[in-house]
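Engineer: Order-wise, the sequence lines are chains C and L.
Using my numbering, you'd call the opening residue of the first sequence number 1 and step up by one each time.
Using my numbering, you'd call the opening residue of the second sequence number 1 and step up by one each time.
These are calculated hints, taken from the structure and not from any lab test.
Idealized CB from N, CA, C, for every residue including glycine.
Mixed in with the good hints there might be a few duds.
[Unchecked claim] Chain C is nowhere near these chain L residues, computed Cβ spacing over 12 Å in every case: (1) W73; (2) L137; (3) P160; (4) K169; (5) V200; (6) L266; (7) R267; (8) Q270; (9) I278.
[What the hints assert, rightly or not] Quick look at which bits of chain L chain C covers, simulated, 3 or more residues with Cβ under 8 Å: (10) 7-20; (11) 52-65; (12) 234-241.
Given next are the chains, with one letter for each unit.
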Amino acid sequence: MSGRRSLVAFGCLALLLALVGPGRASPLVADLSKHLVAITTAFAGSDVLLFGAVEEPGDIVVVVRGPPRRQVMHRKSRIAGIWVNTATMTFDDVPSFFAVAASRPLEEIASDSVRKRNGMNIEDLVTLPSAKGSENVRDEWRQALIRNKQREGLYQPQLGRVSFSGPRLFRSDVFFPANVPTGNYQVQTYLLRDGALVSAQTTPLIVGKIGLEADLFDFAHEQAAFYGLIAIALALLAGWLAHVAFRRS
Amino acid sequence: MQIYLPIAEMSVNVFLILGLGGVVGLLSGIFGVGGGFLMTPILIFIGVPSPVAVATEANQIVASSVSGVLAHWSRGNVDFKMGAVLLLGGLAGSSFGVWLFSVLRDVGQIDLVIRLSYVIFLGIIGGLMFVESLRALTRRRNPAAARRKLHKHTWVHGLPLKMRFRKSKLYISALLPFGVGALVGILAAIMGVGGGFIMVPAMIYLLGMPTFVVVGTSLFQIIFVTANVTFLQAYANQTVDVVLALLLLTGGVIGAQIGARLSGKLRGEQLRILLALIVLAVCTKLGIDLALVPEDIYSMGYSE
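Next comes chain L alone, as it looks inside the complex (with noise of 0.2 Å):
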């Protein structure tokens, strides 16, 4: 069954728009993942044009995050203040990365620049991701290697603008989470992604956040950055496709109870390795297509 999307304006099958939906849904909802940096590729790869691609993932991600969110508040595993100066990090960062998308657009540049950027990301994200699993298979069989320290003071902690936050039991830089909120709302505007995969390793490691409410603060301040995200390219660009969002969201949300049932019954590391082998996947198709030599040197641009 074919559907015309308005806004992307192709004919699409329905079934394989749900399917991918729910496939992409259900990984997230076995990793814990948003699955936007597994969708937009896979939507540029079906020939949904990138800035549709981009701005239509960002509205589907608005509502996936808000079922997480939603979940984890009932838990009390929400860090608002936090999630306050990680938010106004990622208003700023995702105007600029609006503009800057229709900047690049207009220069002809940015479908290079959207798939460079998940090559690098996904390719840091997913090689970082396997090691670390692979790291802790080894170490379960060797339970006497070291543990890492708890708290450690680097310069990070000598930044002006200190600021108490209770609930992560941290006294630190608000300019710490408000640059760490800028860098992922850039990406989210242009990769079309939520940002979780870069947001939860920075506050683990970079803010040294507790790992019970870095899940849920993340996905707090990603609906309202995805939500400036869809705004900003719905009002500048216009390219919010609403019809491919449905679509995409119907598909995810119920790939992702699915796949939210079935996590309890898999094994954490190598859950882990395998998300990181498909991160790196996707990472290498792209990389590939990046280096090999184009169908066709010209190429189709801008069209009014």
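Same shape as in the complex, but just chain C (with noise of 0.2 Å):
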């Protein structure tokens, strides 16, 4: 299987170089072995191969980010011996989705300031204004959001790999697990050399439900009653072929 999609990768590869020719050499071509993640029926996560290659030798940091969301949070605390959520915080604007991959440790790849202005590390993705509240509140909420989703793996917690085949090619795999949000993705594939940004590259990725998943999931919510009249309409007939069943029996 991997064997198989690295010589779909490479040969999707030798095209684009030729594509690109020699003459009007770009620094920097990746490309996504797919550019839709479909959510079907069986899905159960799934990888996405980036490949791509470098004029000239460098390092390459991969970064994945999903939609935008609104995010509410909930901070617990005792209340006559039990938990209760008793605070609320609301980002209004953070990824919903975050996979970083590079060729080596990010610190020494990249400076601090292309790190923080490309958006190569999830805390400064996930921002709230000054207005709520004071800095260390701020950070412990922030915290907070990026642990509840790496937990459901949404954010990954560990730097992914991006390894070359020789000086000028690289690939990186990219997972996404079933949980996984939908919407329109980007991914940047940034090129460095000595700490400093040479090319950055954004390709589109979309995750999307289709087939009976996609039609299930518009038909609730665009046609929320008749769905609702359906899934009645489904128990009823459910429940008395069980009767007409047991009845026979």
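Fit the two chains together into the complex; they arrive one by one in their own frames, and the hints show the way.
Structural biologist: Structure below.
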């Protein structure tokens, strides 16, 4: 499976290189093995292969970001012996998914300002306006959100690997878990040399339900009343069938 | 074999869900209970978001109640007039309950309210059932014990709007069954249960209905109340997962058939003690979870 996929990937790559051509050398080209992560009935997570080539040797950082969402967080405290949500904080705009991969540890590749400017650290992307409490309090909430997202597998806690085959070709696997949020993703590939950014490329990626999953989801949201009636009708039918089967046997 | 649930937005093992449906169906077949009060907490334990668990379970109960009520109807054990009054209350209560559910979800307290309601009601019902069946066991060994009076007059008989219920041989205020129906309707919407485990004791002890019409009549009104909950949850919150409901149903139907056959071969009081213990175990698990220091005091709420 993986072997065949790499073959396809490098096939695509050869095509890319041919298109780019030696004349108008581009310092960086990258693409994905697929541009749609399809959530079907049997979906249990999916790997996407990112592959590319560089003109001159350098370091590669890949940042995958899910569509921004509004996220509400709660904090519990103990009231009369039980734990109750007593505080709430709303983040207006945080990535619903976040993963980073690099060819070497990030600190060795990119300076602080480069990392910050290009959104390579999740800490820089999860922000709260200063009106929402003191620095310490805001930091607690931010760390809590990142921790919770990591527990759900939506923020990758560890740096992924970008591996080179020879000096010019690179590849990286990105895993999307079964609970991956749907929407338009951005995959950014950065080429760095001596801590400075040389080139960058953005590749779009769509995560979406397709087939029966999509139809049911859209039906439930767009024709909610009708969906409710169908759900009841199905239940009535199933109950009646069970009664008939039970009586016969 | 994994299957992706379109509304719950998670991937589950088909056989796990079928098996859970089967086990709960088996218990409901043996004990003659709906099983919602076991299924909803179990779904929450395996990670189904609680709004989806509650709404989907309501959908499943529609099906299990239909097959139950048809069996009772053919034996003439349904008091339709009483059922209709209970149902009016149930529709009012469950509509209010679905509204309350959305409000609680928006303020981040729905999980707490669901769990607390379970702890309280499972605790009361399980405890009462346990004591009652222990007493029944000792009474059998001691047949000289006093019998309960058949009919007592209390304050409930002084309420206005009296109505005659021929099948139940009762002449009581319609406010009483309406109130019972409304209360159970609220619980159905918030806890994802049919409410039979509260409705049945209330009908026997509070309304004084004869036992033979109780189960059929309760099931009759549960169909409509859970159908109302299903519709309103689907309409207002989009939390009914038909794929999950169908899987649970399939397991449940098979389990219930085996259970119904087994129940004839087992003794009543011991069965009731067993059910009481199961109910108390679920109650204890939920209660401990509320009291223990959580893994993380911060949790994620609503996202859009």
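Engineer: Indicate, hint by hint, whether the structure satisfies it.
Structural biologist: Hints, verified against the model:
1. W73: Its Cβ does come within 12 Å of chain C, the nearest being 10 Å, so this is violated.
2. L137: Given a closest Cβ separation of 31 Å, the condition holds.
3. P160: 35 Å, holds
4. K169: 28 Å, holds
5. V200: 19 Å, holds
6. L266: The claim stands: L266(L) keeps its Cβ more than 12 Å from every Cβ of chain C (closest is about 19 Å).
7. R267: 23 Å, holds
8. Q270: 25 Å, holds
9. I278: Answer for I278(L): holds, closest chain C Cβ roughly 23 Å.
10. 7-20: holds (count 4)
11. 52-65: With 6 residues in contact (Cβ-Cβ under 8 Å with chain C), the coverage given for the stretch 52-65 of chain L holds.
12. 234-241: n = 5 at 8 Å, threshold three: holds.
Hint violations for this structure: number 1 only, all remaining hints satisfied.
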